[in-house]
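These are the residues of each chain, in order.
There are 2 protein chains.
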Amino acid sequence: MADTNGRTRVIVEHVGPQIDKGRFPIKRVVGEKVNVTAHVFSDGHDQIRAELLFRPSNAKEWTCLDMRHVANDEWTGKFQVTEIVEYRYTVRAWVDHFETWRRDLGKKCSAGQDVRVDLLIGADLLEGASRRATGSDAEQLARWARELGDTAEPDVERAAALALSESVYELARRYPDRRQAALYTPHLGVSVNRVRALYSTWYELFPRSCGTGKAHGSFADVEPLLPDIARQGFDVLYLPPIHPIGRTHRKGRNNAPVCEAEDPGSPWAIGGSEGGHKAVHPGLGTLEDFRRLVKRAGDYGVEIALDLAFQCSPDHPYVKEHPEWFRWRPDGTVQFAENPPKKYEDILPLNFETDHWRPLWEELKSVVLFWIAQGVRIFRVDNPHTKPFAFWEWLIREVRTTYPETIFLAEAFTRPKIMQRLAKLGFDQSYTYFTWRNTKWELTQYLTELTRTEVAEYMRPNFWPNTPDILPEYLRYGGRSAFVVRLVLAGTLSSNYGIYGPAFELCVHDAVEGKEEYLDSEKYEIKDWDWQQPGNIRAVVERLNRARRENPCLQQTRDLMFLDIDNEMILAYAKCTEEGENTVITVVNLDPYHKHAGWIAVPLAELGIEPHQPYMLHDLLSNDKYIWQGRRHYIELDPQLMPAHVLRVHRRLRRETDFDYFM
Amino acid sequence: MADTNGRTRVIVEHVGPQIDKGRFPIKRVVGEKVNVTAHVFSDGHDQIRAELLFRPSNAKEWTCLDMRHVANDEWTGKFQVTEIVEYRYTVRAWVDHFETWRRDLGKKCSAGQDVRVDLLIGADLLEGASRRATGSDAEQLARWARELGDTAEPDVERAAALALSESVYELARRYPDRRQAALYTPHLGVSVNRVRALYSTWYELFPRSCGTGKAHGSFADVEPLLPDIARQGFDVLYLPPIHPIGRTHRKGRNNAPVCEAEDPGSPWAIGGSEGGHKAVHPGLGTLEDFRRLVKRAGDYGVEIALDLAFQCSPDHPYVKEHPEWFRWRPDGTVQFAENPPKKYEDILPLNFETDHWRPLWEELKSVVLFWIAQGVRIFRVDNPHTKPFAFWEWLIREVRTTYPETIFLAEAFTRPKIMQRLAKLGFDQSYTYFTWRNTKWELTQYLTELTRTEVAEYMRPNFWPNTPDILPEYLRYGGRSAFVVRLVLAGTLSSNYGIYGPAFELCVHDAVEGKEEYLDSEKYEIKDWDWQQPGNIRAVVERLNRARRENPCLQQTRDLMFLDIDNEMILAYAKCTEEGENTVITVVNLDPYHKHAGWIAVPLAELGIEPHQPYMLHDLLSNDKYIWQGRRHYIELDPQLMPAHVLRVHRRLRRETDFDYFM
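So the sequences go chain by chain: A and B.
So for the first sequence, my numbering puts the first residue at 1; every next one is plus one.
So for the second sequence, my numbering puts the first residue at 1; every next one is plus one.
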C-alpha cells in the first residue's frame with residue numbers, strides 16, 4: 001500500500017502500437033502518423049478523460065492531445081512525426097469530476113429535479129478550475145463559480161442554463177484536475193527515419209562487370225551508367241563488397257573449390273594483402289574514385305548503398321593483427337565457415353563469443369563510420385542472422401545516434417522469428433520471403449501478415465524478385481512474362497523493392513541444375529552484359545518505377561487491400577493514401593503461360609466512389625484508359641502481351657455539377 | 001554496451017502464458033499443470049538448449065526441466081503446481097557447444113571426413129563438463145576427454161564411436177556450460193488456490209425466508225435444510241448480507257420508495273443501530289449461531305459463502321464514526337448512490353477518493369478478517385466494479401497472504417475490460433454474461449472466448465442462470481424446460497456454477513413488467529417457499545450435480561470442445577480430461593418449445609476412439625444407454641420430456657482381446 005496512490009481510480013492499459021512490451025520502438029518515416037489506441041476505464045460510472053502524450057526524445061515537454069472514446073472502453077488518438085529522431089509516446093487519463101457533474105446535471109434538469117445542491121457542487125468545481133487557471137481565464141471561472149454558488153440567487157433555471165453552457169464547458173475543460181491521473185508506463189518509442197527508409201527502388205550491380213568486354217570494371221566505368229539507372233527510376237545503387245578479395249582457398253567459376261589464376265573470386269571473401277573492410281579493391285579504383293562515384297550518383301538522385309559483410313578471407317589483415325577475434329582449432333588453424341559436411345574454407349567467421357568482444361564491436365562500428373565518412377548512408381547487411389542480435393542493436397543505435405539518416409537493410413533469409421527480431425532491434429528494411437511466394441494464396445497470406453499484423457509496425461519489407469544468390473524457379477521456367485509479373489508484384493505490393501541487374505531486366509534464367517542459383521554466376525566471374533539485349537524488359541521497369549514515383553499510395557506498404565476476383569490465377573489489390581486522394585488498383589495474372597480472365601469486385605465505398613458514379617482507370621503500364629461504373633468488372637490478361645494492369649483510379653470524370661445535369 | 005553481455009547470443013521471448021507483460025499472475029488450482037511456451041533462438045546454426053524454471057515463491061531454488069522444440073523456434077514444457085502459494089516460472093536457454101559439436105561430428109563421420117581435429121575439440125568440451133561435474137561423474141568425463149584427446153591413439157573410428165555414444169551424451173548433457181545463458185525476465189507468476197476455486201456448485205439462499213410461514217427465518221432455520229442441500233449436490237451455500245439493515249429510506253416490497261412498518265428491507269442496505277459489517281442481523285440470530293451454522297454446514301461438505309457489499313445504509317455506524325469516508329454535499333447531507341435521474345437514497349457509497357483512504361482500506365480488510373475468524377473462506381463480492389481496482393488488488397493479496405485458501409467471487413456484471421481486470425487482479429471466480437447468452441452462436445462465441453483465449457488463464461467463470469437481481473427473459477417465457485436447459489448448460493459448460501434458490505428449482509418466473517426482475521422479489525420481502533412444489537426440477541438438479549461430481553472432465557472449464565451438429569437449435573460439446581480417461585458429451589436443445597433433431601459429429605480421433613470401435617454413451621440424466629460406432633449419429637430431443645443429454649463416453653465395451661476375437 002505504501003507506494004500505491006489509492007485514489008488513482010482510472011486504468012490505462014494495452015496502449016498500442018507496442019512491440020514486445022515496449023522493448024522495441026515502432027518505426028515511421030518523417031511525415032507519417034502514429035495511430036495510438038488504449039484501453040481506458042475506471043470503477044464506477046464517472047466520466048473519464050484521456051490524453052495522448054508525445055515528444056521527440058530530445059524534447060522535455062510532452063505535447064498533449066485529447067483522445068476519443070471509440071467503443072467498449074477503447075480510446076484513440078494520433079500524432080505525426082516530423083523529425084528524424086526517436087519519439088516517445090504514452091497515454092494519461094483521469095476521472096473527470098467536472099464532466100461527470102455536468103452530465104448528471106443535464107439528466108436531472110431534463111427530469112425536472114431540484115438541482116440547487118448540484119449547482120453548489122458545480123460552484124466548487126469551477127472554483128477548483130479557476131485556481132488551476134491563470135489570468136483572465138481564472139477570473140472568468142471564479143466569476144461563474146460565484147454565480148452558481150450564490151444561494152441568494154433565486155433563478156435556479158438561469159443558473160442551471162449557465163452551468164450547462166458551452167462556454168463554461170469549454171473553459172473549465174481547459175483546466176482539468178489531473179492530480180489523480182494515471183500515466184501509462186513504459187513510455188513507448190517510435191524510431192523515425194527519412195522517407196527513403198519506406199520508399200526506395202534498388203538496383204544491384206557488380207561494378208567489376210561494367211568494364212569493356214571481360215576486363216575488370218571500375219567505379220569510373222559505373223559513372224556513365226548513372227543517367228540510365230536514374231532514368232529507369234532507381235534511387236539506390238547497391239554494390240556488392242568493394243574490398244580486396246582473398247586468394248587463399250579462392251573459389252573459381254561456378255563456385256569451384258579451386259580457381260584459375262585469372263578468376264576474380266567472390267567479393268564476399270573480404271580481405272587480402274591490399275587491406276580489409278576499409279580498403280578498396282585495386283581493380284575498382286581508389287577511395288577517391290569511390291567518393292567521386294558517390295557524389296556523381298547523388299547528382300542523379302541515386303544513393304550508393306554498400307554491403308556490410310562481417311567475415312574475413314584467410315588473407316584478411318585481422319587474422320594476423322587480431323587472432324583473438326577468431327576461433328582457433330587445436331591444430332593451430334582458424335575455424336572456417338562450415339555447414340557439415342559442407343566446408344567454406346575461403347570464409348572465416350568472426351568469433352563473437354571471444355573474451356575480446358568489446359574491441360571487436362568497436363572495430364566493426366569503425367568500419368561503418370569509415371564508409372559514412374566517404375558519403376555512404378545506406379548499408380545492405382549480409383547475413384545479419386549469423387552475428388549476435390545484441391551486436392546489431394548496439395551498432396545500429398550507435399551509428400544512428402550520430403547519423404540518424406543511416407539506413408540498414410537486413411539480408412536475413414532465415415526463419416520468421418529471427419527475421420522479425422532483426423527488424424525489431426533496428427534494421428530499417430528487411431529482405432523477405434517474397435522471393436518464393438508465387439501463388440495467390442501465398443501472396444495474400446504473406447502480405448496480410450506484413451501489412452495487417454503487428455509486423456507492419458516494425459518491419460519494412462524490401463521485395464527482391466532475384467539476387468545474385470537466388471534465381472527462383474518461377475523466373476527460371478516462366479519466360480519473359482514471369483519477369484514482368486514478379487517485377488510488377490514487387491514494385492506495387494511493397495514500397496521498397498529492388499532487382500539484381502542487369503540479369504533481371506535481361507531475363508537471365510539459366511540455373512545450376514537442381515538449384516535456385518545462377519549458372520555462371522556473377523559472384524565468381526566478370527560478366528560482359530549486353531544491356532540492350534532483345535527481349536529485355538527495361539521499358540516495363542521504367543514505366544513501373546514512374547508509376548511508383550507519381551503515385552504516393554505506392555510509396556507506402558501498410559495501405560494494402562486485396563480485392564475479390566473469381567480466378568485463382570489473378571491477384572488484385574488496391575492501395576490508397578490515408579486521405580484517399582490517390583488510389584491504384586493492380587491486377588496481375590500470376591500464370592506466366594496462359595491468358596486468364598475474371599470478374600473483379602471494386603470496393604466502391606472504401607475508395608470513396610458512389611455506386612452510380614462512373615470512374616476512369618488509367619493503366620500506367622500500357623497507357624490505356626477504361627471507364628467503369630459500379631462494382632463488378634471484367635478483366636482479361638494475356639501474359640504474352642502484358643500480364644498486369646497498374647490502374648490509377650480517377651474518381652471524378654466530370655465536375656459534380658455537370659454530373660448532376662446528366663443524371 | 002557497458003551493461004550488455006555481448007556474448008549472450010540466445011534470445012528468449014514471448015514466454016507464456018503471460019498476462020499483461022507479467023503484471024498479473026495466471027491462475028491454477030492445486031494439481032493443475034502449466035503448459036509453458038517460449039520463442040527461443042540464436043544467431044547462427046548452433047544447437048540450443050532451453051529449460052523451464054519454476055518454484056513456489058517461498059522457495060529459493062528453481063526446479064529445472066528440459067524444454068522441447070516443437071517447430072519454428074517455439075519451445076514447450078510443463079509443470080504441476082502442488083501447493084496453495086504463488087509460483088514463479090521463467091525460461092533459461094543457451095547455445096550449447098557440446099550438442100553442436102556432437103551433431104556436426106555425426107554428419108562429418110557419415111560423410112567419411114577426417115575428424116581428428118574434431119575429436120580434439122570434443123576432448124576440450126568434455127574436459128569443461130568434467131570441471132563443472134563432481135565426484136565420479138567428473139572422473140568419468142575427464143577419462144573420456146583423455147581418450148578423445150589422446151593423439152597417440154591411432155583408432156579414430158573407435159574414438160569417434162565413443163564420442164557419439166549415448167553414455168557420453170547423457171553424462172555430458174548433465175553438466176552444460178550455462179555461462180552465457182539468457183534468463184527471461186520478468187519472472188512470471190501463477191496464483192494457486194484450492195480445487196474449489198475451479199470446481200464449485202453454489203446455492204444462494206435467503207435465510208430469513210427459511211422460517212415458518214412468513215416469520216423471519218434464522219440461521220437455526222437453515223440448519224435442517226443442510227442435508228437436503230448437500231444431497232442435491234451443492235458444496236457452497238451463499239447467503240446475501242447477514243448484517244443489520246438500515247431504516248432510513250428503507251425500500252418497501254417491489255422496491256417501493258416508502259416501506260411499510262413490517263417490511264424487512266434489502267439486506268444490501270447494510271448497517272443500523274445494531275451495528276455494521278461486523279454485526280449480525282438480530283432476526284438471523286447471534287454470531288455464535290452463525291459460527292454453528294458454518295460448522296454444521298461443514299459437516300455436510302457445504303461451505304458458507306458470505307456477501308461482501310462495501311456500502312452503507314444511512315444508519316450505518318460508519319457515518320457518524322467516520323464521516324471522512326463519505327462524500328458530503330454542500331447542504332450538509334451525505335451523497336447517496338444515484339444514476340441520474342434515479343436515486344438510491346437507502347445506499348451511501350464509500351468515498352474511495354477520500355484523503356483518509358488508507359484507514360478506510362484497513363477497516364474494510366478488517367471486515368474480511370473478522371468473518372474469516374468466524375470460519376468463512378468464500379466471499380461473493382457485490383459490485384466490485386464500483387470500488388477502485390487498486391483496492392481490490394491490495395485487499396485480496398493481503399488476505400490471501402495469511403489465508404491463501406480464501407476464495408473471492410466477483411459480481412461484476414459490467415463491461416468486458418472491467419470484468420477482466422477484476423479477474424486479473426485477483427478475484428478467483430467471476431460472474432459472467434452467460435446469464436444472457438442463449439443461442440448457439442452466442443454460447444459458442446462466448447465460451448470460445450472464455451476457454452480458448454488468454455482469458456482462460458486468469459478468469460474462472462461462475463455461471464448463474466438466475467440471481468435475486470436477474471430473472472432472464474429466457475426463463476420468464478420458456479417454461480419448465482427452459483430452467484432445465486439453463487441448468488444443464490451452466491453445470492456442464494462451466495465447472496463453477498450456481499443457482500439462486502429455491503426460486504430456480506421451483507421455476508419461479510413472474511417478472512416485473514418490462515424488466516428482467518422478479519415480481520415480489522425476495523430482496524424486499526420474506527418468502528414462504530413450498531420446497532416440494534409440483535413441477536420443480538429438483539431431481540434434475542440432483543442428477544446433474546452427481547454427474548459433475550463423478551466426472552472429472554466436468555470439474556474444469558478449459559477443456560471444452562464444441563461439436564458439429566446440423567441444427568441451429570441444438571448445441572453439442574465434449575469435455576475431456578487431459579489424459580483422456582474421462583469424457584462427457586453434452587447435447588442441449590436450446591428451443592424450450594419444440595422438439596429438434598440433428599446429426600452430431602463425434603470427433604473420434606480427439607476422443608481416442610477408433611473408427612471401427614463401438615462405444616457406449618451413458619446418459620447421466622435419464623440413465624439411458626446408447627451404443628454408437630463411427631462419427632455421425634442421430635440425436636432427437638423433446639423439451640417436454642428432457643431437453644438435454646449428458647452422455648458419459650465409455651470407450652471400451654469389451655476388452656481388446658475379446659474385441660479382436662469378434663472382428
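Check the hints yourself; a few may be wrong.
No copy labels: a pair is met if it fits in one copy or bridges any two.
As the list claims (entries may be wrong) - SDA-like mimics (lysine to any residue), calculated; alpha carbons at most 25 Å apart, straight line:
1. K342 with N72
2. K108 with E345
3. K21 with R88
4. K278 with A597
5. K515 with D263
6. K21 with K278
7. K527 with E274
8. K417 with V319
9. K107 with D221
10. K515 with T8
11. K320 with L120
12. K295 with R452
13. K21 with N72
14. K417 with T453
15. K21 with T185
16. K342 with R358
17. K515 with V319
18. K21 with N623
19. K515 with S110
20. K527 with A59
21. K107 with G128
22. K417 with G22
23. K33 with Q555
24. K108 with S167
25. K78 with Y344
26. K365 with T8
27. K365 with E398
28. K214 with G31
29. K33 with G189
If you're looking for bench data, these hints aren't it; they were derived computationally from the structure.
Next on the checklist: Within a copy, between copies, both or neither: which one fits K365 and T8 at a CA-CA cutoff of 25 Å?
Outcome noted: between (47 Å within a copy, 19 Å between copies)
Item to check | Homomeric proximity label, K108 with S167: Cα distance no greater than 25 Å | outcome: Classified as within: same-chain Cα gap 20 Å, cross-chain 83 Å, threshold 25 Å.
Next on the checklist: With identical chains, the pair K527 and A59 could be close in the same copy or across copies; at 25 Å between alpha carbons, which is it: within, between, both, or neither?
Outcome noted: So K527 and A59 fail the 25 Å test inside a copy (53 Å) and across (68 Å) alike.
Next on the checklist: When Cα atoms must be at most 25 Å apart, do K21 and N623 count as within-copy, between-copy, both, or neither?
Outcome noted: neither (48 Å within a copy, 53 Å between copies)
Item to check | Intra- versus inter-copy proximity for E274 and K527 (alpha-carbon distance at most 25 Å) | outcome: within (24 Å within a copy, 101 Å between copies)
Item to check | Within, between, both or neither: K21, R88 at alpha-carbon 25 Å | outcome: So K21 and R88 pass the 25 Å test inside a copy (14 Å) and across (19 Å) alike.
Item to check | Intra/inter-copy verdict for K78 and Y344 if alpha-carbon distance must be at most 25 Å | outcome: neither (51 Å within a copy, 41 Å between copies)
Checklist entry - Between K515 and T8, at a C-alpha cutoff of 25 Å, which is it: within one copy, between copies, both, or neither? => result neither (64 Å within a copy, 35 Å between copies)
Checklist entry - Can you tell me if K107 and G128 fall within 25 Å by alpha carbon in one copy, between copies, both or neither? => result Result: close within a single copy only, 23 Å intra versus 78 Å inter.
Next on the checklist: If the cut is 25 Å between Cα atoms, do K21 and T185 qualify within a copy, between copies, both or neither?
Outcome noted: For K21 and T185, both the intra-copy (10 Å) and inter-copy (12 Å) Cα distances are at most 25 Å.
Checklist entry - Within a copy, between copies, both or neither: where do K107 and D221 come within 25 Å Cα-Cα? => result neither (80 Å within a copy, 46 Å between copies)
Next on the checklist: For K365 and E398, with the copy left unspecified, which applies at a CA distance of at most 25 Å: within, between, both, or neither?
Outcome noted: Within one copy only: 8 Å inside a chain, 52 Å across chains, cut-off 25 Å.
Going through the hint list in order, the structure does not satisfy hints 4, 6, 8, 9, 10, 12, 16, 17, 18, 20, 25 and 28.
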